[in-house]
Amino acid sequence: MDFTQHELGPGVRLYLCETGKFKTLTCKAFVQQDLKPRTAAAAALVPLLLRRGAQRFPTTRDIARELEELYAADFSADVLKIGERQILEFYFQMIDPALLPEGEKLLRRGLETFWEISSRPYGSGRFHEPYFEQEKHTLIQELEGLVNEKHSYALVRCTALMCSEEPFGIYKYGDVDTVRSLENQEVYDHYQQLVNSYPLDVFVVGSGTEQAAEVLAELIKGRDGRNALHSPQQVEVGAPRCFEEFMDVQQAVLVMGYRTQITYPDANYYGLLVGNGILGGFPHSKLFMNVRERASLAYSVSSSIEGSKGLLTISAGISAEQQEQAVEIIQEQVRSIQEGMISREELEQTKSGMISSMNSMNDSPAGLINRNLIGIVHNQLRTIDEVVESISAVSLDDVVRAMQHLQHDTTYILRPSPQKGAANGSN
Amino acid sequence: MDQIRIPGGEVLYKEYLPNGLAVLVLPKKQFLRTFGILSVRYGSFDSKFRVPGGDVVEVPPGIAHFLEHKLFEEEEGSVFDRYAAWGASVNAYTSYMQTSYLFSTIENWRESLAYLVEFVNAPHLTEENVEKEKGIIEQELRMYADHPDFKILSMLMENLYHEHPVRLDIGGTVESVRSITVEQLQLCYDTFYQPANMALVVVGDIDPEDACELVRSRYPERSGPGYAVERFDPKEPQEIVQPWAEAELPISRPRYMLGFKHDPLWQGEDLLRTQITMTLGLKLLAGRSSRAYGELYETGLIDDSFYASFRGLPRLAYSVFASDTDEPETLHERLVQRINQLKEGGVDAAEIERFKKDFWGRTVGSLDSFEFTANRITASHFEDVPYHRYLEVLQEVTAADVQSALQDLLDWDRSSVSILKPVNSRG
Chain R
11 MDFTQHELGP GVRLYLCETG KFKTLTCKAF VQQDLKPRTA AAAALVPLLL
61 RRGAQRFPTT RDIARELEEL YAADFSADVL KIGERQILEF YFQMIDPALL
111 PEGEKLLRRG LETFWEISSR PYGSGRFHEP YFEQEKHTLI QELEGLVNEK
161 HSYALVRCTA LMCSEEPFGI YKYGDVDTVR SLENQEVYDH YQQLVNSYPL
211 DVFVVGSGTE QAAEVLAELI KGRDGRNALH SPQQVEVGAP RCFEEFMDVQ
261 QAVLVMGYRT QITYPDANYY GLLVGNGILG GFPHSKLFMN VRERASLAYS
311 VSSSIEGSKG LLTISAGISA EQQEQAVEII QEQVRSIQEG MISREELEQT
361 KSGMISSMNS MNDSPAGLIN RNLIGIVHNQ LRTIDEVVES ISAVSLDDVV
411 RAMQHLQHDT TYILRPSPQK GAANGSN
Chain Z
2 MDQIRIPGGE VLYKEYLPNG LAVLVLPKKQ FLRTFGILSV RYGSFDSKFR
52 VPGGDVVEVP PGIAHFLEHK LFEEEEGSVF DRYAAWGASV NAYTSYMQTS
102 YLFSTIENWR ESLAYLVEFV NAPHLTEENV EKEKGIIEQE LRMYADHPDF
152 KILSMLMENL YHEHPVRLDI GGTVESVRSI TVEQLQLCYD TFYQPANMAL
202 VVVGDIDPED ACELVRSRYP ERSGPGYAVE RFDPKEPQEI VQPWAEAELP
252 ISRPRYMLGF KHDPLWQGED LLRTQITMTL GLKLLAGRSS RAYGELYETG
302 LIDDSFYASF RGLPRLAYSV FASDTDEPET LHERLVQRIN QLKEGGVDAA
352 EIERFKKDFW GRTVGSLDSF EFTANRITAS HFEDVPYHRY LEVLQEVTAA
402 DVQSALQDLL DWDRSSVSIL KPVNSRG
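For the record, the sequence lines run as chains R and Z.
All residue numbers for the first sequence refer to this note's numbering, where the first residue is 11 and numbers rise by one.
All residue numbers for the second sequence refer to this note's numbering, where the first residue is 2 and numbers rise by one.
Among the clues, some could well be false.
Quick list of in silico lysine-lysine cross-link-like pairs, DSBU-like style, CA-CA up to 30 Å [what the hints assert, rightly or not]:
#: 1; chain 1: Z; residue 1: Lys422; chain 2: R; residue 2: Lys182
#: 2; chain 1: Z; residue 1: Lys133; chain 2: Z; residue 2: Lys71
#: 3; chain 1: R; residue 1: Lys31; chain 2: Z; residue 2: Lys133
#: 4; chain 1: R; residue 1: Lys115; chain 2: Z; residue 2: Lys133
Beta-carbon label-pair distances, calculated as ranges [what the hints assert, rightly or not]:
#: 5; chain 1: Z; residue 1: Asp414; chain 2: R; residue 2: Pro47; range: 49 to 57 Å
#: 6; chain 1: Z; residue 1: Asp264; chain 2: R; residue 2: Glu176; range: 31 to 39 Å
#: 7; chain 1: Z; residue 1: Gly301; chain 2: R; residue 2: Pro47; range: 55 to 63 Å
#: 8; chain 1: R; residue 1: Glu224; chain 2: Z; residue 2: Ala123; range: 37 to 45 Å
#: 9; chain 1: Z; residue 1: Arg355; chain 2: R; residue 2: Pro20; range: 38 to 46 Å
#: 10; chain 1: Z; residue 1: Lys133; chain 2: R; residue 2: Ser353; range: 34 to 42 Å
Please keep in mind that the hints were generated in silico from the structure rather than gathered at the bench.
We treat Cβ as the ideally placed atom computed from N, Cα and C, and that holds for glycine.
Using the sequences and the accompanying hints, generate a full structural model.
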């Protein structure tokens, strides 16, 4: 099961996956731009503004009513960060029109509603001013609220500190000071540019995608998305750095950041992915088995790859007094992979787990679409079968070679304030 | 096997094995994944019960969850390793009234299913491995304790309920977990893990008879009574504990949660009807298309996090309204006004009809998620709710039903407010 690709115009592509197995028709559109402080903050405001109102649906309430009339159609928008690109995402899902009364009419109405909300925000020549001011405030609160979820906060802090001199250090929603200084006209103009002249990729999954394609082609016509984008540069890594932050928390969160120097287009990319799987991608991985099951130091411990920038991060929720022991066990696991201490079972289990989750993408509309994001950023889509084949071909040597590129860059720990009775800072 | 047509037009196959286990299979054509979930009607509420043919005992809170962790232990290796070798993943969770073990796989579904019924029926509890688990569970409890969503709900439950076990964390407390012994775990296991107290749901492109036969031939022989266990809920007074409570946590802005305590009096189709009626009623009060949502958002009293929900189980029922807000007191005043207004009249039949379209779409669309569907099948089985009647009952519910449910259930004398306020402890 895969996508057929159609060019709707320069830099504008439509991908269709025709299948009758889902009860839903799913559509996602992605616009990408280089990650820069000011435009990142501007783009992050857009999803918040879109949900407030469109020309034909001036309020949130009007939008919600229309979606209810469409039998629980769903619209949302968000921004994502892949490498040093920021992606503006528009999402629309409705029940397979074939299951609805007057399905064909509702399909057209649904897609028109989708495009109305995505491309014709309420206001004239700029965003409706009260909405703009209020949503700026909402975004600032969102940024300040990052601290509420300790684990994701720690991950964001670690990458921000690690890449403070690179575009990747910018958070996907920008930063508070920049958001505060944004002007309505400026954000509106940038948004217009984004939807009209940046690369646009539209994915549709469901049955009757041909009719959907006709309607979408009509709605999207006349765009030129050939704006040139750049790719991240690799950086030199100095001596490892350590940061600690104190907060009134019960549990410490430890994050260790590494540079991989390997990204999606590289020959040994899948060697790195498998290496990460062996290290901390699964419950049978070295980190889980050693930090959790053997040493009982954590409930959650795992590692993940950023395949476009070239990073590997390890995170664990631990007791602050056991930081040294945890760091030591974690580093030992990385070293053992670099030295090739990987059993045949570990390699095979990891590969089959990765192949299984890759094949599972076939069963979820969002999975089918989202897995292509890194491909559109690197202008090189790969099918599920191609990825499965690449993973199957990874040898123990490939894993060792890839993992030997790892360079430890930054350690970050969020820990209970010392006055709460925890151990003293370790630096 | 019995065939039951479920909402969305699919057919569920059901059979009771001679040992009492309920086997439910939902075939899903063209899907690659097979998902199996074996559940025990046993959760955090069940700490006081009669040992079959013996005394009434009370065990420390958190024991159902502790058992869930321990069943992953094998004499040699771990359950994770076995599934990994098949390219499958395995997991488990514990809730108020249920413990569930699940796998997901692309290949080897027979092995995965046979092993699911095998490992859940083969506890391996030793002094050593029980002690070791305590450190892991402690970190899990601390992780939740730092989580504001979790914290505010548990605060609310403590203020609504005097005696009911919903007051306690599903995982227990650090102290109760430390006190748990091998003997207690074994006693609970023997009492509750009886086939007649369990249900297996399998979803995937498989033949139901084939799956059922496999389980029949591979389900281990179990000694034990196999009948429903007598459980004792403490007597819960009508009154709440206190109407208002505040606490501090390191978060960016205050959180507000209003809760109403209901008597869990409904059974079977009544329970289903109440669930649907209250879902429609709360949508009218607080959904995106509601007047309150629009007004509260415009005035900056709520943000996107605002929601209302009804939870109705055979042994517990409550409704909550919650949001992040800078002015919890003002938000409370406005909500009181709006709820009273709607209680007095004004449930609009046209809105209810539109909600029914929305509800219908959500129900049908949710069939795309194996996890969601399997959970609903399991819950309906345990709670004895006629899942197949879902959409019919939906059509039967009237605006007048919604009106009277809101009047009856949103009783201010049985409500309580919890507020979390930020404490700035970052140093």
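Is it true that the C-beta distance of Asp264 of chain Z to Glu176 of chain R lies inside 31 to 39 Å, as the hint says? At 59 Å between Cβs, range violated.
Should the hint that Asp414 of chain Z and Pro47 of chain R are 49 to 57 Å apart at their CB atoms be regarded as holding? holds (53 Å)
Hinted pair, alpha-carbon criterion (30 Å max): Lys422 of chain Z, Lys182 of chain R. Please report holds or violated. holds (27 Å)
Assess, step by step, whether the Cα of Lys115 of chain R is no farther than 30 Å from the Cα of Lys133 of chain Z, and give holds or violated. violated (61 Å)
55 to 63 Å was suggested as the range; check whether the CB atoms of Gly301 of chain Z and Pro47 of chain R agree with it. At roughly 27 Å between Cβ atoms, Pro47 of chain R and Gly301 of chain Z fall outside 55 to 63 Å, so the hint is violated.
Glu224 of chain R versus Ala123 of chain Z beta-carbon gap, inside 37 to 45 Å or not: Once the Cβ atoms are compared, 57 Å apart, the range 37 to 45 Å for Ala123 of chain Z and Glu224 of chain R is violated.
Do the Cβ positions of Arg355 of chain Z and Pro20 of chain R conform to the proposed distance bound of 38 to 46 Å? holds (42 Å)
Tell me if the straight-line CA distance from Lys133 of chain Z to Lys71 of chain Z falls inside 30 Å. holds (10 Å)
Please check whether Lys133 of chain Z and Ser353 of chain R have a Cβ separation lying inside 34 to 42 Å. violated (23 Å)
Next pair to validate is Lys31 of chain R with Lys133 of chain Z; report whether the Cα-Cα distance is within 30 Å. violated (45 Å)
This entry does not satisfy hints 3, 4, 6, 7, 8 and 10, going by the numbered hints stated previously.
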